[in-house]
Each structure stands twice: as structure tokens, then as C-alpha cells.
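**Q** Let the sequences and hints guide you as you build the complete structure.
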Amino acid sequence: MDVYSWFRRSLSRTTTTTTTTVSAQPNFKEDELLYGVTDQLLDFIKSFSIDTFRNFSLPDEEDGNNDGGGDNVRKDLSDWRQRHALLVLSKLKELSQLRFKLCPRYLKEHQFWTIYFALVKGYIARYELRAIQLDTLKQIRKENENAPDVSACEVEMSEAKQTTDVSPTTSEEHN
Numbered sequence: 611m612d613v614y615s616w617f618r619r620s621l622s623r624t625t626t627t628t629t630t631t632v633s634a635q636p637n638f639k640e641d642e643l644l645y646g647v648t649d650q651l652l653d654f655i656k657s658f659s660i661d662t663f664r665n666f667s668l669p670d671e672e673d674g675n676n677d678g679g680g681d682n683v684r685k686d687l688s689d690w691r692q693r694h695a696l697l698v699l700s701k702l703k704e705l706s707q708l709r710f711k712l713c714p715r716y717l718k719e720h721q722f723w724t725i726y727f728a729l730v731k732g733y734i735a736r737y738e739l740r741a742i743q744l745d746t747l748k749q750i751r752k753e754n755e756n757a758p759d760v761s762a763c764e765v766e767m768s769e770a771k772q773t774t775d776v777s778p779t780t781s782e783e784h785n
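Heads up: the sequence shown begins at 611 in the numbering used here, then just goes up one per residue.
Note that these hints are calculated values from the structure, not bench results. Built from N, CA and C at the ideal position, the CB exists for glycine as well. Please note: incorrect hints may appear among the correct ones.
Label pairs and their computed distance ranges (CB to CB) [what the hints assert, rightly or not]:
| hint | residue 1 | residue 2 | range |
| --- | --- | --- | --- |
| 1 | Asn-756 | Ser-659 | 48 to 54 Å |
| 2 | Lys-639 | Glu-753 | 18 to 24 Å |
| 3 | Lys-711 | Thr-746 | 21 to 27 Å |
| 4 | Asp-649 | Glu-753 | 37 to 43 Å |
| 5 | Leu-739 | Ser-706 | 34 to 40 Å |
| 6 | Glu-755 | Asn-665 | 36 to 42 Å |
| 7 | Ala-728 | Glu-640 | 25 to 31 Å |
| 8 | Ser-667 | Arg-751 | 40 to 46 Å |
| 9 | Pro-714 | Ile-750 | 17 to 23 Å |
| 10 | Lys-748 | Thr-662 | 31 to 37 Å |
| 11 | Gln-743 | Asp-649 | 44 to 50 Å |
| 12 | Asn-665 | Glu-704 | 15 to 21 Å |
In silico BS3-like links for lysine-lysine, alpha-carbon gap of 25 Å or less [unchecked claim]:
| hint | residue 1 | residue 2 |
| --- | --- | --- |
| 13 | Lys-639 | Lys-701 |
| 14 | Lys-701 | Lys-656 |
| 15 | Lys-731 | Lys-639 |
| 16 | Lys-703 | Lys-718 |
| 17 | Lys-639 | Lys-748 |
| 18 | Lys-701 | Lys-711 |
| 19 | Lys-656 | Lys-731 |
| 20 | Lys-748 | Lys-703 |
**A** Listed below in C-alpha cells is the structure:
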């Protein structure tokens, strides 16, 4: 199963779940802000049409057989982008309907999201960058927690050295 089939299935499952649990979820508004789902973005997305996507030029992707190791076209969405897409689709039925009309008749799923994220880049770039920075900080913290505490070992070793250095002088004074 490819990522986009999984994404479509999980979207259909979570859309019904999301709509029923929105009122019970107190931090839904925080999620929207964390993932860049602002009123300005939603207004911009409402201006999208089928032609917006069909007339968008995707470099080197006419046949979709660009699996040959090129990093210029991503076949999957990052966790942040996936959550952003779910929030936007649940918030704007217009985008869901547009996606339904375009995929797979005119565009493949990954082409749709590539175009979408290219179009909204100016609106969400700072939110995505902040998420990347927070993720990097979490990874650094995790690495630091898993790394042995060298400074504690150095303190113990220096204390042990002072104790052994002090012991002979103390014993000489008593002799």
C-alpha cells in the first residue's frame, strides 16, 4: 500500500472522527495555530479552483515515474504536513470537494499535495519551520538524555583524585 492510499483511508476515517470530537477537544484551536491553519490561509484556499491545480506546472513530473532516487519530488508527506492537510480538509469542505474532483482523474494524490503546498508556502512556511526547529530540539534533548553524563563522571573522578591526594599528606602530618 503506498502512502497516498493510506493517507486517503486515514483521512476518511479521521474526518468523521475529527468532526465528532472537535467540540470535546479543548486544544483544537491550538492545533490549528501550531499547523498554520489561520483565517488568512483559509480565505486564500477558498480562491482555489480546478484550473488553479490543472494549470500549475510541475517540473519533471509529467508521467509520475520519477522514482529514480531524485529528492526533488517527495512521494510522501511529513508528519507536520499530513496533520496540516487533515486540519485544512476538515475545516474547508471546498478543498475536500476540489481534491475529490481532481484526484485521480486529473492529478495523482502526491501531485495534488505538491501543488497545494507550493501554493500555500508563503502562508505556512514559518509554522513548518517552527515545527522543524521544535522537532530538532526534541531530538537533541533525547540524545542528551541517552548520552552518559560525562560531567558527573568527571566530578566524581576529580573528587576521588582530591581524596587520594589529601590522604597521603594527612597521614604524613600525623606521623
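**Q** Does each hint hold? Answer for all of them.
**A** Here is how each hint holds up against the structure:
1. Asn-756 to Ser-659: 48 to 54 Å: holds (50 Å)
2. Lys-639 to Glu-753: 18 to 24 Å: For Lys-639 and Glu-753 the Cβ distance comes to about 32 Å; the hint is violated.
3. Lys-711 to Thr-746: 21 to 27 Å: This hint is violated: roughly 38 Å between Cβ atoms.
4. Asp-649 to Glu-753: 37 to 43 Å: With a Cβ separation near 38 Å, Asp-649 and Glu-753 satisfy 37 to 43 Å, so the hint holds.
5. Leu-739 to Ser-706: 34 to 40 Å: Cβ of Leu-739 to Cβ of Ser-706: about 27 Å, so the range 34 to 40 Å is violated.
6. Glu-755 to Asn-665: 36 to 42 Å: Violated - the Cβ-Cβ distance for Glu-755 and Asn-665, about 50 Å, lies outside 36 to 42 Å.
7. Ala-728 to Glu-640: 25 to 31 Å: Given range 25 to 31 Å: holds, Cβ gap about 27 Å.
8. Ser-667 to Arg-751: 40 to 46 Å: The hint (40 to 46 Å, Cβ to Cβ) holds, given that Ser-667 and Arg-751 are roughly 42 Å apart.
9. Pro-714 to Ile-750: 17 to 23 Å: violated (41 Å)
10. Lys-748 to Thr-662: 31 to 37 Å: For Lys-748 and Thr-662 the Cβ distance comes to about 36 Å; the hint holds.
11. Gln-743 to Asp-649: 44 to 50 Å: With a Cβ separation near 24 Å, Gln-743 and Asp-649 fall outside 44 to 50 Å, so the hint is violated.
12. Asn-665 to Glu-704: 15 to 21 Å: holds (18 Å)
13. Lys-639 to Lys-701: Holds: Lys-639 and Lys-701 sit about 11 Å apart, inside 25 Å.
14. Lys-701 to Lys-656: Since the Cα atoms of Lys-701 and Lys-656 sit roughly 11 Å apart, the hinted pair holds (cutoff 25 Å).
15. Lys-731 to Lys-639: Within the cut-off at roughly 21 Å; holds.
16. Lys-703 to Lys-718: holds (20 Å)
17. Lys-639 to Lys-748: Distance of about 23 Å is within 25 Å: holds.
18. Lys-701 to Lys-711: The given pair, whose Cα atoms are some 18 Å apart, holds under the 25 Å limit.
19. Lys-656 to Lys-731: holds (15 Å)
20. Lys-748 to Lys-703: violated (34 Å)
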